[in-house]
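Q: Line by line, the protein sequences are chains Z and V.
Residues in the first sequence are numbered from 1 upward in steps of one, following full-length UniProt numbering.
Residues in the second sequence are numbered from 1 upward in steps of one, following full-length UniProt numbering.
Be a bit skeptical, because a hint or two may be false.
To be verified - Listed below are several chain Z residues computed to face chain V (Cβ distance under 8 Å; list not exhaustive):
1. Leu192
2. Leu359
3. Val440
No lab work stands behind these hints: they were computed from the structure.
Glycine included, every Cβ here is placed at the ideal spot set by N, Cα and C.
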Amino acid sequence: MSERWVPTLWAAVLAVLMLGPALGPGFVLTYDMVWVPDLALTSDVLGLGTGLPRAVPSDAVVAVLDEVIPGLALQKIVLVGALVLAGAGAAELTRHRSLTARVAVVSLTLWSPYVAERLWMGHWPMLLAYAAVPWLVIAGRRWAAGERSPVWLLPVLIAGSLSASAGILTGAVPLATGLRRGRRPVLLLVALLAVNAPWLVTGLAHTAEATASSGFEVFALRGDALPAPLAALALGGIWNTSVVPDSRESWLAWPALLLLAALVAAGARRWWTSESGRAPILALWVAGLAIALAGWIAPLALDDLARHVPGLALFRDSSRLLPLGLPLLVLTAAAGIDAVRERLRGTAPRWAAAVVVALAPIAVLPDAAWGLAGGIGTAEYPDQWQQARAALEEETAAGDVLVLPWSSYRAPEWNGARPVLDPLPRMLTRPSVVNGDLVVGSTAIEGEDPRATAAAEALAEADPETRSAALSRLGIGYVITDRTAGDSAQVSGETVFEGSGLLLQRMPERSGPLVGYSTGPVALAAVAGAWAAYAVAWLVATTSTVLLLISIVRRQTARVPG
Amino acid sequence: MGNIIAIVASILVGGGVAAATIVGVVTSSTDSTVDNPPSVSESTIQYGTND
Numbered sequence: 001m002s003e004r005w006v007p008t009l010w011a012a013v014l015a016v017l018m019l020g021p022a023l024g025p026g027f028v029l030t031y032d033m034v035w036v037p038d039l040a041l042t043s044d045v046l047g048l049g050t051g052l053p054r055a056v057p058s059d060a061v062v063a064v065l066d067e068v069i070p071g072l073a074l075q076k077i078v079l080v081g082a083l084v085l086a087g088a089g090a091a092e093l094t095r096h097r098s099l100t101a102r103v104a105v106v107s108l109t110l111w112s113p114y115v116a117e118r119l120w121m122g123h124w125p126m127l128l129a130y131a132a133v134p135w136l137v138i139a140g141r142r143w144a145a146g147e148r149s150p151v152w153l154l155p156v157l158i159a160g161s162l163s164a165s166a167g168i169l170t171g172a173v174p175l176a177t178g179l180r181r182g183r184r185p186v187l188l189l190v191a192l193l194a195v196n197a198p199w200l201v202t203g204l205a206h207t208a209e210a211t212a213s214s215g216f217e218v219f220a221l222r223g224d225a226l227p228a229p230l231a232a233l234a235l236g237g238i239w240n241t242s243v244v245p246d247s248r249e250s251w252l253a254w255p256a257l258l259l260l261a262a263l264v265a266a267g268a269r270r271w272w273t274s275e276s277g278r279a280p281i282l283a284l285w286v287a288g289l290a291i292a293l294a295g296w297i298a299p300l301a302l303d304d305l306a307r308h309v310p311g312l313a314l315f316r317d318s319s320r321l322l323p324l325g326l327p328l329l330v331l332t333a334a335a336g337i338d339a340v341r342e343r344l345r346g347t348a349p350r351w352a353a354a355v356v357v358a359l360a361p362i363a364v365l366p367d368a369a370w371g372l373a374g375g376i377g378t379a380e381y382p383d384q385w386q387q388a389r390a391a392l393e394e395e396t397a398a399g400d401v402l403v404l405p406w407s408s409y410r411a412p413e414w415n416g417a418r419p420v421l422d423p424l425p426r427m428l429t430r431p432s433v434v435n436g437d438l439v440v441g442s443t444a445i446e447g448e449d450p451r452a453t454a455a456a457e458a459l460a461e462a463d464p465e466t467r468s469a470a471l472s473r474l475g476i477g478y479v480i481t482d483r484t485a486g487d488s489a490q491v492s493g494e495t496v497f498e499g500s501g502l503l504l505q506r507m508p509e510r511s512g513p514l515v516g517y518s519t520g521p522v523a524l525a526a527v528a529g530a531w532a533a534y535a536v537a538w539l540v541a542t543t544s545t546v547l548l549l550i551s552i553v554r555r556q557t558a559r560v561p562g
Numbered sequence: 001m002g003n004i005i006a007i008v009a010s011i012l013v014g015g016g017v018a019a020a021t022i023v024g025v026v027t028s029s030t031d032s033t034v035d036n037p038p039s040v041s042e043s044t045i046q047y048g049t050n051d
């Protein structure tokens, strides 16, 4: 086996070790990670619903791909793929370094607080964006050097831009590393616009709601066991303390930081003197840290500002963009490892140094192993969820679905009581209206969907009949209630499906005028254009990937003697 | 003599880190981290905590 594959193999070993039971049968459902067997391509999924398009284009991509690959298998491929690509990308970025250094940066990249926390939080598009970062640095540098763009650039851009935050992260990297005087960036800009068009355009179509609420203080950087700025240096510090591994809350956070700092310090000089294109790498690190710290230093000022500046709330979970600093950490740590190796040459056995640097990131974050020590796992949907979906599919009456109880997160017993964004809306084949309010500690952040606000008012009516009539006027045709998820408002309607846990009711025919929430023709045309551009990007990426695979096979075949 | 000490020290450090990694991974994987799972019948489940 070629030495070149050792880091990738190590990345695969670490990915399996980290995911552990999450690779077993069943879906991984944790906080924002909601996968279902067959996601329907509804208007919500395309960003045409009344709520903010938070899962655009990730949901649409899953809805299309799960027609080819079952959702269950697709989720495993995405999770393992993101982790392996992240490690392999870090090794590829440092391919001029020793094998020890490349294996060590695989550990540092993959076994990082960022990966553990975002995995637990269910931010799988951010994990893909994280994995894309080193590859985009390589592509950007080639672009800047006047070389042809690698064939994999567009597929990596697509994979890394499956949400707004992910698109910002991956867009910044090639722009910083690839733009040089004399190089026309038209193609790069076109590619970036195309892969980010769906969330950009659907987001612009929801500008009014996007300024309605923010929450910089609630989602600000937290320090785990460290002061927040120090946690950010090691790519940790997510706002949600429920998804922080215990070791990050203990004294182990300090040796983890010191290990990284020592390697970076040992390699900083060597990196600075031996590599070109240092300024963009440094600028990305400064930008990632500055964004994370801004939400920590001045959350209230940013809250005020976000009420007037559409889109600023995208940065409220400010530690999401910390991977902008990943290239600097990887490049300097790899240089540091080689510097230490040279000093130890002739004194200590190589294997001992290799073991220490490859395993130390795991030793200081041991509870990231085996499904984050039980933090994530798998679950099978109850049979009646599929039955309710089938019953709704057979219905012919018009109208969307309202989901009860009126809250956004669940902790189903069949999911091991692990919190998750209610999967019911994604299980159904019609657009849905859900409560978008978020409860973080003692703070409640209001959702932005005006239709959900109107639905909440309808549910506050005095009796079930009046509630149903008010919901009908909002274009709600059905109400589905998860009776296992706590108390819920009662509505009156004909029962379409009833199981031990789920109740699906058809609302009575509308008696008054319909309160419209339709998308205007201009916005509709813009959204259609954005998805068309995105589809073209996918087409080009798919074609180039197939061509790449064919050329690899041909090269391999040509090498076989005889 | 110095060489032998360096070799022994590095074997101890390398072996120590390897042992600590295995012990840490196994111990944390067998201990449950979910100390207070949310009540399944609670209709308002928190998105997270930041205390």
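Q: Each hint should be assessed against the structure and marked as holding or not.
A: Against the structure, the hints:
no.	hint	in the structure
1	Leu192	violated, 31 Å
2	Leu359	holds, 5 Å
3	Val440	holds, 5 Å
When held up to the earlier numbered hints, the structure conflicts with hint 1 and nothing else.
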